[in-house]
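Assemble the whole structure, with the sequences as input and the hints as a guide.
Protein chains in written order, with our numbering: chain C, 6 to 351; chain Y, 6 to 351; chain X, 6 to 351; chain U, 6 to 351.
Treat the hints loosely; a few may be bogus.
[Said to hold, decoys possible] The calculated lysine to any residue pairs, modelled on SDA-like cross-linking and capped at a C-alpha distance of 25 Å, are:
hint, chain 1, residue 1, chain 2, residue 2
1, X, Lys279, Y, Gly122
2, Y, Lys342, Y, Glu331
3, X, Lys146, C, Arg111
4, U, Lys350, U, Ile34
5, Y, Lys350, Y, Gly60
6, C, Lys350, C, Gln313
7, U, Lys231, U, Arg168
8, C, Lys143, Y, Gly60
9, X, Lys231, Y, Glu110
10, X, Lys146, C, Cys98
11, X, Lys7, X, Glu110
12, C, Lys209, C, Gln313
13, Y, Lys53, Y, Gly122
14, C, Lys257, U, Lys231
15, X, Lys279, Y, Leu258
16, U, Lys83, Y, Gly240
17, Y, Lys226, Y, Thr253
18, C, Lys143, X, Ala216
19, C, Lys146, Y, Gly240
20, X, Lys257, Y, Glu281
21, U, Lys209, U, Pro222
22, Y, Lys143, Y, Val208
Since the hints were made in silico from the structure, they are not lab data.
4 protein chains.
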Amino acid sequence: MKAVIFKGVNDVKVESVPEPVIVEQSDAIVRVTTAAICGSDLHIYHGKIPGTLPGMTLGHEYVGIVEEVGPQVREVRKGDRVVGPFHVACGMCRSCRRGAYNQCERGGVLGYGIAFGNYAGSQAQFVRIPFADFNLRKIPKDVSDEKALFAGDILTTAYGAVRNSGLLPGETVAVIGAGPVGLMAVMSAFVLGASQVFSIDLVKERVEQAAALGAIPIPSKEMNAKAKINEVTGGQGVDVVIEAVGGTPTLKLAFELVRGGGRVSAVGITSEDKFEFPLMQSLVSDLTFRIGVANIHRDIDAVLALLQAGRIDPTTTVTHRLALEEAQEGYRLFDEKKAGKVLLKV
Amino acid sequence: MKAVIFKGVNDVKVESVPEPVIVEQSDAIVRVTTAAICGSDLHIYHGKIPGTLPGMTLGHEYVGIVEEVGPQVREVRKGDRVVGPFHVACGMCRSCRRGAYNQCERGGVLGYGIAFGNYAGSQAQFVRIPFADFNLRKIPKDVSDEKALFAGDILTTAYGAVRNSGLLPGETVAVIGAGPVGLMAVMSAFVLGASQVFSIDLVKERVEQAAALGAIPIPSKEMNAKAKINEVTGGQGVDVVIEAVGGTPTLKLAFELVRGGGRVSAVGITSEDKFEFPLMQSLVSDLTFRIGVANIHRDIDAVLALLQAGRIDPTTTVTHRLALEEAQEGYRLFDEKKAGKVLLKV
Amino acid sequence: MKAVIFKGVNDVKVESVPEPVIVEQSDAIVRVTTAAICGSDLHIYHGKIPGTLPGMTLGHEYVGIVEEVGPQVREVRKGDRVVGPFHVACGMCRSCRRGAYNQCERGGVLGYGIAFGNYAGSQAQFVRIPFADFNLRKIPKDVSDEKALFAGDILTTAYGAVRNSGLLPGETVAVIGAGPVGLMAVMSAFVLGASQVFSIDLVKERVEQAAALGAIPIPSKEMNAKAKINEVTGGQGVDVVIEAVGGTPTLKLAFELVRGGGRVSAVGITSEDKFEFPLMQSLVSDLTFRIGVANIHRDIDAVLALLQAGRIDPTTTVTHRLALEEAQEGYRLFDEKKAGKVLLKV
Amino acid sequence: MKAVIFKGVNDVKVESVPEPVIVEQSDAIVRVTTAAICGSDLHIYHGKIPGTLPGMTLGHEYVGIVEEVGPQVREVRKGDRVVGPFHVACGMCRSCRRGAYNQCERGGVLGYGIAFGNYAGSQAQFVRIPFADFNLRKIPKDVSDEKALFAGDILTTAYGAVRNSGLLPGETVAVIGAGPVGLMAVMSAFVLGASQVFSIDLVKERVEQAAALGAIPIPSKEMNAKAKINEVTGGQGVDVVIEAVGGTPTLKLAFELVRGGGRVSAVGITSEDKFEFPLMQSLVSDLTFRIGVANIHRDIDAVLALLQAGRIDPTTTVTHRLALEEAQEGYRLFDEKKAGKVLLKV
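Dropping the structure here:
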């Protein structure tokens with residue numbers, strides 16, 4: 006079959022590799038119909054993720070059709086249209102039983118190398134999904150492939166970050182960053198009951214996209230975010246900040262925008278080891294900070310239900326739909342920031 | 006001043022009465038600009054509420070302008086545009102301190118007679134509001150008088166009933182009854198993260214109003230509610246039922262529609278003493294049932310924030326805007342079900 | 006092997022039956038070391054449960070040693086000391102994924118007949134446990150067999166009923182009934198942060214057992230429960246009532262004892278179809294009522310951790326330890342209320 | 006009257022000052038019967054708190070008898086035995102209405118200088134309490150003065166830190182620091198449902214006190230905390246860490262002890278401006294961090310109820326009971342760490 010193969014730093018190629026087969030009786034093989042390139046794929050592309058050896062198949066975002074299931078699979082069957090989380094979990098271990106699926110003792114990330122379970126990726130014609138009952142979801146009939154794909158990763162990541170903030174209905178939210186994840190955080194904040202949502206980004210066109218979703222746009226090159234938020238909130242600051250950029254400057258900004266008693270939730274796309282946490286300010290202001298990789302299994306059913314009901318549409322972030330064979334071009338465009346979300350049609 | 010006076014069963018008149026004055030130092034006098042007739046005013050009109058003597062001023066829904074405040078009032082001042090809950094609470098007693106404001110030891114309902122604190126009502130040019138700091142809210146500048154009025158009673162009642170159900174984002178909701186409260190429950194369910202919301206009513210025009218809000222309409226004269234819900238939910242039933250009619254038949258229906266592990270929340274407009282609770286079914290299906298008068302103080306700030314953000318618009322339920330002097334006609338129309346929500350402009 | 010066989014109404018015998026074998030690859034066979042007789046076993050004994058045919062093996066409370074596992078079982082292995090819930094669940098279906106394990110689409114109750122999955126019971130030398138990964142828990146090394154056994158049924162049932170009440174730390178609780186389940190509700194209420202716990206029972210000796218656990222005893226033959234509770238709570242009533250008897254009189258009492266805004270949680274051992282629910286009182290007082298079969302999987306890990314830490318000791322309710330061969334005598338004593346909890350040593 | 010007066014760095018004296026009088030109609034004057042010296046009083050003593058001028062009366066922990074109330078005070082009356090939070094709140098502003106009493110727009114701290122509302126302190130014969138209805142609590146009759154005193158500050162601080170951690174029943178907790186606040190965190194963790202609680206301190210005698218409360222002692226001079234916790238928890242780490250020392254080394258330790266998906270809650274007695282937050286570790290491990298000054302009003306009623314029920318006893322931390330006149334000696338002993346909790350009997 007065809008698959009997107011990591012060849013080395015800044016080098017991917019579509020090549021022929023053997024098709025995956027059922028290994029465990031709880032496995033399924035999925036024929037991928039659409040895959041996508043994720044921001045975190047670029048970390049591998051840039052050679053930053055230890056344990057990602059040349060020759061491995063990339064990708065962890067996908068939808069497809071179940072091609073074959075092991076004899077212990079009960080929830081899906083051949084022919085089902087399915088989506089699954091970017092990370093796999095067993096559903097039975099101590100971590101899973103307390104809902105910490107992203108800490109699963111048998112877990113891993115598709116196409117993310119040896120340190121993450123050594124699973125072949127989903128940018129391919131077929132992908133093997135372990136613990137299929139727990140890691141595949143049938144896509145509701147009213148949900149398109151493209152919409153469903155986002156439930157397996159960045160939409161549910163953004164949604165989870167908003168949930169992690171403990172947002173209460175009627176509260177105000179500032180989302181820092183208006184890339185795909187930031188825009189989905191805006192959507193999620195509204196679905197979860199936010200009153201006013203501020204969208205902050207250096208790029209004016211991006212916050213305009215957020216404005217179209219109902220957010221108050223703050224193009225931060227030409228407008229002071231703190232001043233604007235203070236003006237609208239009567240000097241209080243927002244109840245919740247979602248940090249969707251990663252890195253020290255935007256984390257710092259998050260703590261400037263949040264009100265006393267508020268919460269900062271970082272979506273988590275960072276590569277920095279440390280952050281100078283404002284301890285004294287947080288002590289006086291009674292703040293909560295949360296950061297972590299997404300816990301997709303916790304929220305994917307809710308997100309699929311919301312997609313089915315038409316309450317969220319993540320496909321507005323798609324800029325390119327390429328054939329799987331064009332993946333090399335897709336990586337290049339995405340890496341050079343000439344593309345938003347890139348889908349690979351298989 | 007002019008006020009709507011209860012004269013006896015099915016008899017109200019607009020008459021001249023003395024203006025209210027500051028009694029406690031924590032009181033405020035509000036000049037009413039818009040009042041409304043509530044379904045529960047009809048209980049008095051029908052002579053069903055003990056302790057409602059002829060001569061009393063009716064009404065508990067209002068917005069207005071602060072006319073005067075006692076020396077201990079700090080949160081509002083003369084000239085502020087305000088709204089307040091239909092029931093008053095002190096904010097300091099044991100019940101209030103645990104958030105059970107509707108169980109306040111010093112509480113009562115405006116214009117509801119001796120058994121409810123003996124407060125003069127708000128269908129008048131002026132109304133005295135006790136514990137003004139705790140019972141008045143400044144109306145945000147982007148919220149119209151008419152929208153704000155609903156925050157003091159039926160919108161927040163409906164919103165609270167949905168919150169009381171413990172609705173989780175992505176869950177499905179059936180709202181039984183599509184009168185004003187039912188429609189506001191539909192709005193609230195969406196704001197609080199529902200995926201699909203079913204609106205059930207015998208009157209087709211009413212569920213069509215709900216459909217315009219995004220609900221799946223079930224005109225129950227021509228469509229079997231249980232069959233329709235089972236079809237859409239794959240035979241499961243809904244996660245949450247909001248019962249917004251009152252009375253045994255609709256409560257019974259509620260328990261037919263809810264899934265195992267689900268919740269039934271009654272908005273509470275009932276006059277029946279008992280209900281034959283389906284004990285065995287609930288035991289097997291693990292159900293929760295909640296009924297109670299609204300706890301407006303708990304939710305009014307969130308509701309005002311959501312109104313300000315434009316996320317809810319309750320004014321679509323208004324059918325008549327009359328002058329205060331026309332209150333008699335307003336009561337008649339409302340009682341004969343020839344009107345939806347009736348506002349009285351003062 | 007030896008097993009306790011249902012022969013007909015009021016008739017059980019220990020007989021030889023074939024040993025169970027692995028059927029599904031996710032099964033385990035457990036060599037039972039201690040089983041127990043549950044109040045709900047008596048419903049079968051009395052011929053009240055449809056689908057319980059003579060010849061079936063009884064019992065759903067057990068601890069034991071894993072004897073054999075299917076090839077897909079990962080969480081336990083031969084030789085592990087284990088306990089499991091009285092009801093089995095798959096852990097993967099829609100109900101399980103939302104935590105409603107007691108509504109599992111593939112679930113059932115061990116030894117409870119055709120209507121409950123047709124599983125052989127655990128009052129036997131060996132029992133087959135389906136979905137072993139999800140339905141067996143390794144017993145922590147500091148927890149005795151006898152303590153662990155209760156985590157699989159009545160302790161976790163009582164604990165779950167208290168959790169279902171939404172008890173907040175510092176709140177007051179009345180537990181109606183001081184049989185084994187009632188006593189465990191008292192223990193659970195304390196562990197979950199209750200301040201004062203009242204134990205109400207007609208039998209004085211029983212409430213004295215509760216008093217030894219720290220409860221305020223109310224022997225209701227000689228003391229008026231409502232008067233006593235009002236005296237202690239300053240006329241308010243309790244925040245939470247746990248109804249652990251079943252049936253109309255005690256449910257009625259529950260609603261007399263609860264404060265406005267409070268919650269009634271029924272443990273659920275009832276055989277009545279209907280209950281005359283006090284609708285008007287509940288409307289005025291803003292009450293929540295919850296009833297349902299226990300959801301053991303949700304809470305068993307927490308309960309085992311609390312047993313391990315020595316924070317609960319359910320074995321004080323044991324009055325008889327018989328050999329499996331004496332099961333007939335055990336059923337008779339328990340049925341005639343001459344025994345508290347009866348254990349069967351295998 | 007006699008009062009403890011701040012004279013300058015490391016200098017306090019008991020002097021005669023005028024008695025306080027009712028200023029606002031919602032004020033009360035309390036005749037103090039017991040006051041205490043708090044760790045945070047030492048910050049003033051050391052000259053570290055801006056706006057604390059020589060001549061001011063110190064102290065914010067107290068119990069006493071209501072001497073006089075303003076005409077708008079309804080909840081307490083002359084002769085009532087009362088306790089109150091160290092910080093005062095109005096109960097009506099936007100912050101208070103959302104439960105952020107520690108962010109009250111009219112709030113302050115008794116005896117903490119100009120920057121904290123300029124209120125005279127409680128280490129005196131009399132103290133004026135503003136917003137008395139909201140800032141005084143009647144002490145339940147079964148609760149001694151000494152026990153109640155702790156509800157107004159450090160017990161409720163510790164309790165609140167545990168609640169802020171989102172502790173679930175059955176979870177494990179590590180409390181770093183076994184001074185008075187740390188010991189009260191241990192007590193609180195048990196009351197709130199913890200299974201195992203680890204107490205970590207360099208001083209062996211202190212962790213032995215924690216062991217007497219049921220904790221697993223870790224004298225960290227002679228035992229590696231991480232190794233011990235990993236041994237007991239099967240290598241997982243604890244669900245929750247309460248950091249009750251303040252400062253970088255113990256915060257760093259907190260992040261070493263917590264499991265993936267866990268939470269670190271700092272009690273907040275720090276004077277450091279920044280903390281090098283382990284961003285990458287937290288991202289991978291999905292961690293939550295919370296720090297803030299205590300929100301006493303939120304929890305004081307629950308804590309008083311738990312004291313009344315005998316579920317917590319904070320007086321074990323008292324080492325010295327001095328006369329008010331001996332305050333100078335009390336400060337010296339406490340500052341030189343020759344005393345635990347010092348009470349001043351008035």
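Hint by hint, here is what the structure shows:
With a C-alpha separation of about 36 Å, the suggested pair lysine 279 (chain X) and glycine 122 (chain Y) falls outside the 25 Å cut-off, and the hint is violated. For the hint linking lysine 342 (chain Y) to glutamate 331 (chain Y), the alpha-carbon distance of about 17 Å falls within 25 Å, and the restraint holds. This hinted pair checks out: lysine 146 (chain X) and arginine 111 (chain C) have alpha carbons roughly 24 Å apart, not beyond 25 Å. For the suggested pair lysine 350 (chain U) and isoleucine 34 (chain U), the alpha carbons sit about 18 Å apart, so the restraint of at most 25 Å is met.
Of the pairs offered as hints, the one joining lysine 350 (chain Y) and glycine 60 (chain Y) holds, with about 21 Å between alpha carbons and a cut-off of 25 Å not exceeded. Of the pairs offered as hints, the one joining lysine 350 (chain C) and glutamine 313 (chain C) holds, with about 22 Å between alpha carbons and a cut-off of 25 Å not exceeded. Taken as a hint, the lysine 231 (chain U) and arginine 168 (chain U) pair is honoured in the structure, with Cα atoms around 23 Å apart against an allowance of 25 Å. Between lysine 143 (chain C) and glycine 60 (chain Y) the alpha-carbon distance is near 65 Å, which puts this suggested pair outside the 25 Å criterion.
Taken as a hint, the lysine 231 (chain X) and glutamate 110 (chain Y) pair is honoured in the structure, with Cα atoms around 20 Å apart against an allowance of 25 Å. A C-alpha spacing of about 18 Å is found between lysine 146 (chain X) and cysteine 98 (chain C), which places the hinted pair at or below 25 Å, so the restraint holds. Of the pairs offered as hints, the one joining lysine 7 (chain X) and glutamate 110 (chain X) is violated, with about 31 Å between alpha carbons and a cut-off of 25 Å exceeded. For the proposed pair lysine 209 (chain C) and glutamine 313 (chain C), the alpha carbon gap of about 31 Å is over 25 Å, so the pair is violated.
Using a Cα cut-off of 25 Å, the hinted pair lysine 53 (chain Y) and glycine 122 (chain Y) holds, with the two alpha carbons roughly 17 Å apart. Taking the CA atoms of lysine 257 (chain C) and lysine 231 (chain U), the gap is near 31 Å; set against the 25 Å cutoff, the hint is violated. The suggested pairing of lysine 279 (chain X) with leucine 258 (chain Y) holds, with an alpha-carbon distance near 15 Å, which does not exceed 25 Å. For the hint linking lysine 83 (chain U) to glycine 240 (chain Y), the alpha-carbon distance of about 64 Å lies beyond 25 Å, and the restraint is violated.
Taking the CA atoms of lysine 226 (chain Y) and threonine 253 (chain Y), the gap is about 18 Å. The hint holds against a cut of 25 Å. For the hint linking lysine 143 (chain C) to alanine 216 (chain X), the alpha-carbon distance of about 53 Å lies beyond 25 Å, and the restraint is violated. Distance hint between lysine 146 (chain C) and glycine 240 (chain Y) is fulfilled; the C-alpha atoms sit about 15 Å from each other, no more than 25 Å. Of the supplied pair hints, the one linking lysine 257 (chain X) and glutamate 281 (chain Y) holds, its CA atoms being roughly 13 Å apart against a limit of 25 Å.
A hinted pair counts as satisfied when its Cα atoms are at most 25 Å apart, and lysine 209 (chain U) with proline 222 (chain U) qualifies at roughly 8 Å. Restraint check for lysine 143 (chain Y) and valine 208 (chain Y): not satisfied, since their Cα atoms lie roughly 37 Å apart, outside the 25 Å limit.
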